[in-house]
Each structure stands twice: as structure tokens, then as C-alpha cells.
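Listed in order, the protein sequences are those of chains G and V.
Residue numbers are given in this note's numbering: position 69 of the first sequence equals residue 69, and the series is strictly consecutive.
Residue numbers are given in this note's numbering: position 245 of the second sequence equals residue 245, and the series is strictly consecutive.
These are computed hints drawn from the structure, not numbers from a lab.
Please read all numbers here as calculations on a predicted model, not as lab measurements.
Built from N, CA and C at the ideal position, the CB exists for glycine as well.
Certain hints may be false.
Unchecked claim - Calculated lysine-lysine pairs in the DSS-like style (CA-CA distance at most 30 Å, straight line):
1) G:Lys32 / G:Lys247
2) V:Lys236 / V:Lys323
3) V:Lys290 / G:Lys195
4) G:Lys202 / V:Lys290
5) V:Lys247 / G:Lys202
6) G:Lys195 / V:Lys3
7) V:Lys44 / G:Lys247
8) V:Lys203 / G:Lys10
9) V:Lys225 / V:Lys247
10) V:Lys193 / V:Lys247
11) G:Lys247 / G:Lys9
12) G:Lys196 / V:Lys247
13) G:Lys202 / V:Lys7
14) V:Lys206 / G:Lys9
15) V:Lys206 / G:Lys192
16) V:Lys290 / G:Lys9
17) V:Lys323 / V:Lys225
18) V:Lys206 / G:Lys10
19) V:Lys247 / V:Lys317
20) V:Lys203 / G:Lys191
21) G:Lys202 / G:Lys10
22) V:Lys187 / V:Lys247
23) G:Lys225 / G:Lys144
24) V:Lys206 / G:Lys191
25) G:Lys196 / V:Lys345
26) V:Lys247 / V:Lys290
27) G:Lys202 / V:Lys206
28) G:Lys202 / V:Lys3
29) V:Lys206 / G:Lys32
30) G:Lys32 / V:Lys236
Said to hold, decoys possible - These stretches of chain V come out as covered by chain G in the derived footprint (C-beta under 8 Å, 3 or more residues):
31) 59-66
32) 187-200
33) 298-304
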Amino acid sequence: MAKTKTVYKKSPGLSDFPLSYCPGCTHGVIHKLVAECLTELDVLERSVGIGSVGCSALNYDFFSFDMFQAAHGRAPAVATGLKRVRPDTMVFTYQGDGDLASIGIAEAIHAAHRGENITIVFVNNAIYGMTGGQMAPTTLVGQKTTTSPDGRDPQHSGFPLRIAEMMATIPGATYVERVSVHDPKHVNKAKKALKKAFEIQKNNQGFSLIEFISTCPVNWGMTPKEAIDWAVDNMIPYYPLGVYKDKTKEDNA
Amino acid sequence: MAKVLMKGNEAMALAAIKGGCDAFYGYPITPQNELPEYLSKHMKENGRVFVQSESEVAAINMVYGAAGGGARVLTSSSSPGIALKQEGISYLTGAELPAVIINVMRGGPGLGGIQPSQADYKQITRGGGNGDYYLYSLAPESLQEAVNLIKESFDIADYFRNPVMIAVDGLIGHMMEPVDFEQEIPKWDLKEKTWAADGMRGKRDKNVINSLYLDPQDLEDHNYKLLDKYNEMKEKHQRYELVNMDKADIAIVAFGSTARIARSAVEMLEEEGINCGIIRPITIYPFPSKAFDEIPSSVKDLLVVEMSTGQMIEDVKIVNEGKLPVHFYGRVGGIVPEAEEIVNKVKEIVGEK
Ligand SMILES: Cc1ncc(C[n+]2csc(CCOP(=O)(O)OP(=O)(O)O)c2C)c(N)n1
Ligand code: SF4
């Protein structure tokens with residue numbers, strides 16, 4: 001009998017529920033990273049995820065541990081409420097760019113401002129996916145959406161918001177990094193960043209936010225491959241990857 | 001225990017601590033500021049949580065987070081702030097989370113004013129947020145009653161897994177009265193919060209706090225499950241007080257501060273030989289329909305008195321079913337009706353006969 005070796009298996013942080021994401025959507029990869037990081041840190045049994053409103057609204061079914069479904073934009077406030085009464089839980093929010101950068105920007109800023117010991121998983125796909133592809137605060141200049149049919153015009157709608165850069169300016173934030181999941185190398189880097197963010201929380205070192213450059217092939221009107229290329233060619237130049245704030249280093253300096 | 005003299009807002013804050021409140025989240029607004037101010041000091045002393053949020057929207061969602069984690073949670077505000085909390089209140093009911101919300105009402109609409117008002121009656125009893133839901137809503141008339149009801153409200157919220165609203169106005173918030181914090185309160189049969197999402201800890205399957213039901217049949221079932229709770233509130237947990245109703249010719253219907261003023265009016269009318277009673281709703285949701293079944297045949301008229309242009313009067317008309325003439329007297333804008341004004345209105349109605 002041939003010997004078999006397990007080289008890959010689904011993380012115990014994920015449930016057996018089939019994901020509802022479109023083919024080629026990178027939401028799924030980001031879920032996998034969340035699940036793997038929490039598993040490797042051995043904190044699944046005390047983790048609570050706060051899902052938001054967007055394509056990921058159903059992710060309370062996708063993770064294998066305790067979950068909340070929060071109102072649109074309010075996940076960081078829900079996380080704050082929970083973490084303050086149950087400080088020994090590992091609490092993260094999972095939010096899209098409409099959810100966090102638009103309707104919920106106040107809650108995100110103030111959670112960072114108070115230095116809440118939580119982690120925000122911020123998924124930037126430059127569009128409102130769930131509602132059918134409207135313009136988001138992160139939609140690129142010239143990018144066509146259902147509410148910017150001629151392409152985003154900064155004279156009319158302003159320039160796209162750079163969330164990682166903005167959140168890094170908040171004194172209460174401990175760790176802010178922007179990552180991408182467009183190829184295996186970057187997926188590994190993204191996982192390191194997310195794991196660091198969760199470690200910071202585990203060590204009670206405060207607020208962390210990881211911004212993920214993500215794709216929405218369906219609403220971008222592209223194949224999965226075209227969407228990956230578009231993210232690399234258009235999003236990453238405007239949203240450069242990297243660490244924008246690391247107070248754990250500053251504190252040691 | 002001996003009675004202590006305290007300001008309304010502070011007494012209500014202390015009542016929450018006595019009721020086992022684990023956490024408070026709120027945003028400043030007049031006329032309730034002394035309540036969070038008191039808690040900012042005393043919650044910490046007692047090893048409990050106090051957070052001043054960035055907005056009422058954030059506050060009620062913090063409540064959602066803490067309540068979903070199994071804690072006993074309080075938020076307080078005043079009318080415009082309650083309006084902002086309505087989305088979160090709808091989510092709390094949808095996800096079946098207990099919480100206590102104190103509303104120290106002020107005049108509206110818009111920024112309105114900061115003086116006492118009861119113009120949130122509809123905002124409180126008609127939902128306010130989206131969907132078919134109600135809050136168990138208590139309207140005390142005195143500080144002692146407010147303290148007792150707030151202590152009990154945490155149990156009521158846990159029992160129903162539904163938010164409880166305490167509706168008072170700036171008069172109660174700012175009055176000084178002696179209160180006994182140790183009076184007996186009714187006991188509720190409470191179950192362990194096995195549904196709370198605060199980490200599985202190797203002891204149970206995962207829990208989910210959620211109000212989303214994409215399947216219409218699931219959502220209909222969920223709505224009927226919620227309806228069962230509201231029906232139980234209506235059938236078993238109406239609260240009201242009948243004052244001087246035995247031989248009354250006319251009955252005033254009033255809640256909270258207004259009922260208290262009506263008591264003085266009733267005494268003044270008695271001196272003039274007019275028998276006037278009071279039906280005082282203590283729960284404004286569920287509206288105490290049973291009180292109206294007890295109205296003696298001597299009563300020929302109902303007079304609704306409110307600090308609004310007439311909101312509760314709609315519920316009075318519904319339960320009255322056209323049996324008695326329903327009159328109204330109201331003051332608005334933060335103007336509190338004087339007992340004399342009520343006396344004159346009663347005499348006007350009785351005199352017409
Ligand atoms: C208060 C409120 N306003 C609007 C909506 C409708 N809505 C649902 S999802 C969504 C946008 C989500 O976009 P994003 O956060 O970018 O997530 P994505 O779907 O792209 O992953 C909106 C506006 C809502 N559910 N609630
Ligand atoms: S609509 Fe876009 S973001 Fe939503 S699941 Fe599909 S590809 Fe992903």
C-alpha cells in the first residue's frame with residue numbers, strides 16, 4: 001500500500017459549511033488565514049469573531065467558534081462591548097470597505113483611539129460587493145462602478161481613502177499593516193502579519209488592524225485571473241503594502 | 001436599610017449597580033448626565049465596566065457586544081440619543097439579547113429642548129427601529145419606584161431575553177427624594193445564559209449572536225417566536241395602579257411624573273366634592289388593558305394627561321373600545337402641567353354634564 005502524507009488540510013478554525021463567496025473572490029483565502037492563525041495560537045476555544053454587513057455577513061456559519069453578526073459598520077463597537085466584559089476572549093472584527101471605511105469609520109477610529117485590545121480584519125476590495133457593485137470610499141479614481149458609471153471622478157466623489165495610513169496616525173493604535181493575498185508569497189506574508197496582530201492581542205498589547213487588498217471579480221466585471229492582475233496593477237500602487245505602525249517596536253526602542 | 005437622600009439620576013445609577021449591572025456604555029446628553037457621571041466613578045470601584053462611547057450608535061452596539069457575551073448591561077440617554085439607538089435596539093431584540101435602557105425624556109422633535117417631556121411614548125412603545133418588536137417598558141412616577149424597577153429590570157431583561165426600557169423624564173432625573181435601596185423586589189425565574197458567545201472553552205458547541213434569517217420561513221418562525229414573548233408580557237406582566245377609583249365619576253389616565261401631579265389634582269378635586277380617580281400605567285408596553293376592565297360603572301369620562309400633544313391617548317382609545325368619552329389635556333415643550341390646570345380640565349368636563 002502506498003504511503004500517504006497529509007500536506008494540506010482544512011483548518012479546524014473553519015466549519016464544514018460551504019462558503020458562499022463567488023469563484024475567485026479572495027474573501028475565502030482571508031477566512032482561511034484567520035482560522036489558521038487562531039488555531040496556531042491555540043486560542044480557538046476563546047475566540048469570538050464579529051462579522052459585519054457585506055458579502056461576509058454569513059461568516060458566522062463559516063468559522064467553527066463563537067460568532068456575532070453586527071449591524072452595518074458597528075462591529076468595532078460590538079467588539080469593544082464584548083472585550084471589556086470578557087477580557088480573556090480573543091476578539092476580532094471582519095469588515096469590508098463599505099462597512100469600515102464608510103458607514104463605520106467612526107467606530108473603527110474610536111476603537112483604535114481607545115486602544116481597544118481587539119483586531120480588525122479589514123477587507124478592501126474597492127467596491128460594495130454585497131449590494132451589487134456600488135462605489136466605496138476606496139474605489140480607485142476612474143474605476144467604474146454601478147454608482148460611478150463613468151469612473152470615479154475625484155472632483156465629485158473625492159480621492160480614495162487610505163485606511164491603513166489613516167489608522168496609523170491614531171495614537172491608540174498598536175499595529176497597522178497592509179497586506180495582499182494575490183499570490184502564495186503574499187498569502188504567507190499576510191498570514192505573518194495577521195498572526196502578529198493576534199499575538200499582540202493575546203499579549204494584551206492593544207489595537208491592531210490588518211488591511212487586506214482583496215478582489216471582487218464579479219462586480220469588477222473580470223475573470224478571477226484578471227481580477228488578481230487588476231489588484232496588483234492598480235490597487236497596490238495606490239495602496240502600498242507594508243507596516244504602517246508598530247508600537248511594539250517603538251516601545252522597545 | 002435607612003433611606004438616603006439622592007438626586008434622581010444618581011439614585012437610578014446606584015440602583016443599576018444594586019441590580020447587578022456589569023457594564024455601562026453611553027454618550028453624554030442632558031438631562032441624564034449625572035447618571036453616567038456617577039457610574040464612571042462607582043462602576044470601577046466595584047470592578048465593573050464603564051465606557052464613554054463616541055456616540056449613541058456606538059453605545060448601543062457596545063451593549064450588543066457585552067449582552068451577547070452574557071453580561072448584564074445598561075445604557076442611558078435622552079430622547080434624541082434614544083432615537084439614534086433605535087437601530088441597535090432593533091438588533092438587540094432580533095438577536096434576543098437582554099439589556100436595560102434608561103431614557104430620561106426631553107422635548108422634541110429635533111434637538112427640541114432639555115426640559116421634561118413624555119413625547120417619546122411612541123418612540124418607546126411603537127418600536128422605533130425596524131421590524132416587529134417591542135420593549136418591556138416601565139414608567140415609574142417616583143424615585144423609590146424607579147430604583148425598585150431598575151433593580152428588577154435586569155432580571156426582567158434576562159427572563160425575556162429582550163431589552164427593557166425605563167422611561168422617566170427630567171423631573172425624576174433631577175428631583176431629590178429619600179430612597180431605600182434594599183426594598184424587596186419580585187423574583188424572576190432565570191436560566192443560565194447557555195446561548196452567550198464568549199468563547200466555547202472546550203465546554204460546548206459554538207454560539208452565534210445573530211438577527212439575520214435569509215430564508216423567509218426561518219424569519220417568519222423567528223418573528224412568531226418573538227411574538228410569543230410579547231404576548232406573554234401582555235397576558236401576564238401588565239403593571240398598573242388604580243388610585244381612588246371606587247366611587248370615581250371620572251378617571252385620569254397618566255403615567256410617570258404626570259400621574260404624580262394628577263394625585264395632587266385628585267386631592268384638590270376631593271375638597272371640592274368631585275370624585276376623580278387615576279389609572280396609572282406602570283408598564284407603558286405592554287399597555288395595561290386590564291386596568292380598563294376594572295373601571296367601575298360610576299366612571300363616565302376618561303381624561304388622558306400627558307406631557308405631549310397626545311400619544312398614549314391612542315392606546316387608551318384602543319382599549320376603551322369607544323365605551324367612554326376620552327378627553328385630553330397636555331403640555332409640551334418642557335412645560336410641566338400644574339395640578340390646578342388638571343383640576344380645571346376635570347371641572348370643565350364634569351360641569352358639561
Ligand atoms: C444600515 C444599512 N445600510 C445599508 C445596508 C446595505 N448594505 C449591505 S452590504 C453593504 C455594503 C457592503 O460592502 P463592503 O463592506 O465593501 O463589503 P463587501 O460586500 O464588498 O465584502 C450595504 C451598503 C445595510 N445592510 N444596512
Ligand atoms: S460579490 Fe465580490 S466580494 Fe462578494 S463574494 Fe462575490 S466576488 Fe466576493
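To see whether the hints hold, each was checked on the structure:
no. : hint                : in the structure
1   : G:Lys32 / G:Lys247  : holds (27 Å)
2   : V:Lys236 / V:Lys323 : holds (24 Å)
3   : V:Lys290 / G:Lys195 : violated (60 Å)
4   : G:Lys202 / V:Lys290 : violated (55 Å)
5   : V:Lys247 / G:Lys202 : violated (69 Å)
6   : G:Lys195 / V:Lys3   : violated (55 Å)
7   : V:Lys44 / G:Lys247  : holds (27 Å)
8   : V:Lys203 / G:Lys10  : holds (23 Å)
9   : V:Lys225 / V:Lys247 : violated (42 Å)
10  : V:Lys193 / V:Lys247 : violated (48 Å)
11  : G:Lys247 / G:Lys9   : violated (34 Å)
12  : G:Lys196 / V:Lys247 : violated (76 Å)
13  : G:Lys202 / V:Lys7   : violated (43 Å)
14  : V:Lys206 / G:Lys9   : holds (21 Å)
15  : V:Lys206 / G:Lys192 : holds (26 Å)
16  : V:Lys290 / G:Lys9   : violated (63 Å)
17  : V:Lys323 / V:Lys225 : violated (33 Å)
18  : V:Lys206 / G:Lys10  : holds (18 Å)
19  : V:Lys247 / V:Lys317 : holds (22 Å)
20  : V:Lys203 / G:Lys191 : holds (29 Å)
21  : G:Lys202 / G:Lys10  : holds (23 Å)
22  : V:Lys187 / V:Lys247 : violated (34 Å)
23  : G:Lys225 / G:Lys144 : holds (19 Å)
24  : V:Lys206 / G:Lys191 : holds (24 Å)
25  : G:Lys196 / V:Lys345 : violated (71 Å)
26  : V:Lys247 / V:Lys290 : holds (19 Å)
27  : G:Lys202 / V:Lys206 : holds (21 Å)
28  : G:Lys202 / V:Lys3   : violated (47 Å)
29  : V:Lys206 / G:Lys32  : holds (18 Å)
30  : G:Lys32 / V:Lys236  : violated (49 Å)
31  : 59-66               : holds (count 7)
32  : 187-200             : holds (count 4)
33  : 298-304             : violated (count 0)
Of the numbered hints given earlier, the model fails hints 3, 4, 5, 6, 9, 10, 11, 12, 13, 16, 17, 22, 25, 28, 30, 33; all others are met.
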